[in-house]
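Trainee: Sequence:
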Amino acid sequence: MNIRSQKTPQSGFSLIEIAIVLVIIGLLLGGVMKGQTMVQNSKIKRIATDTQAVQSSINAYTDTYWQLPGDDGDADLRFFDALGAAVDDGNGDGIIIGLFDPATPTTDETALAWNHLRCAELVKGTCVANLGTIVLPRNPVGGILGIADGRDPTPTPVLGMVKKVICMEGVPSSYAEAYDIQQDNGVGDTGDVRGSANGELAATPGTATPYAVNQTIHICSGF
2 MNIRSQKTPQ SGFSLIEIAI VLVIIGLLLG GVMKGQTMVQ NSKIKRIATD
52 TQAVQSSINA YTDTYWQLPG DDGDADLRFF DALGAAVDDG NGDGIIIGLF
102 DPATPTTDET ALAWNHLRCA ELVKGTCVAN LGTIVLPRNP VGGILGIADG
152 RDPTPTPVLG MVKKVICMEG VPSSYAEAYD IQQDNGVGDT GDVRGSANGE
202 LAATPGTATP YAVNQTIHIC SGF
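Residue numbering for the sequence shown follows the numbering used here, beginning at 2 and increasing consecutively.
Simulated from the structure, these hints should not be mistaken for lab results. Wrong hints could be hidden among the right ones.
Said to hold, decoys possible - For lysine-lysine, the following DSS-like pairs were computed, each having C-alpha atoms within a straight-line distance of at most 30 Å:
#1 Lys164 - Lys46
#2 Lys125 - Lys164
#3 Lys125 - Lys46
#4 Lys164 - Lys44
#5 Lys44 - Lys125
Said to hold, decoys possible - Simulated restraints, written as ranges between beta carbons of each label pair:
#6 Ile19 - Phe224: 51 to 61 Å
#7 Ile17 - Val214: 12 to 22 Å
#8 Ala83 - Gln216: 36 to 46 Å
Being a predicted model, the structure only gives us computed values, none of them experimental. Think of the CB as a built atom: it goes at the ideal place given N, C-alpha and C, for glycine as much as any other residue.
Take the sequences, apply the hints, and build the full model.
Mentor: Structural data, given as structure tokens:
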């Protein structure tokens, strides 16, 4: 009796099927990378717009009251909270004294500056008479958005800049460098936009450093 061999179909993917899968994977990866790039570009744009908005608010305050927010020695005569209590004023020496991320807002004009800007309705937030209730705003990546003044005689100039500065903490170095390239010279330790290793500015004004890969840093813009 003759036994005929029966061919069984081979399992597996054909070259066409494999190619289709690879194309789909490539499209998915491309979409993810494009999405990440869009998020990064959006945050870099917000860093720029937020910085410019705060600078404009400070300039508008000075143009209106002939004083710097936070340092304003007459703020208690013009601003009151919802209960009618006068807000605290600064010492009127022409400098916004304190660190950009003060641990004790009750003693720093850099925290008081935000209250004066809010009371003047130049930035969003509640006008308060109790300095202990001042809330520092957040930047686009979640760290503190702060105001400082490199002319403060107590510490050394903020990142070497003897001028008013807007600082952001916790910014990825890639974001900071891209922002610097757009707004200044792209170098972290020179110009009007400078960066510093995260943590230095909290205790001291820190030293400006070139941008390094994969770091989280402080970035300050002088004006």
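Trainee: If a hint holds in the structure, say so; if it doesn't, say that too.
Mentor: Against the structure, the hints:
{"no.": "1", "hint": "Lys164 - Lys46", "verdict": "23 Å, holds"}
{"no.": "2", "hint": "Lys125 - Lys164", "verdict": "24 Å, holds"}
{"no.": "3", "hint": "Lys125 - Lys46", "verdict": "20 Å, holds"}
{"no.": "4", "hint": "Lys164 - Lys44", "verdict": "25 Å, holds"}
{"no.": "5", "hint": "Lys44 - Lys125", "verdict": "20 Å, holds"}
{"no.": "6", "hint": "Ile19 - Phe224: 51 to 61 Å", "verdict": "57 Å, holds"}
{"no.": "7", "hint": "Ile17 - Val214: 12 to 22 Å", "verdict": "41 Å, violated"}
{"no.": "8", "hint": "Ala83 - Gln216: 36 to 46 Å", "verdict": "42 Å, holds"}
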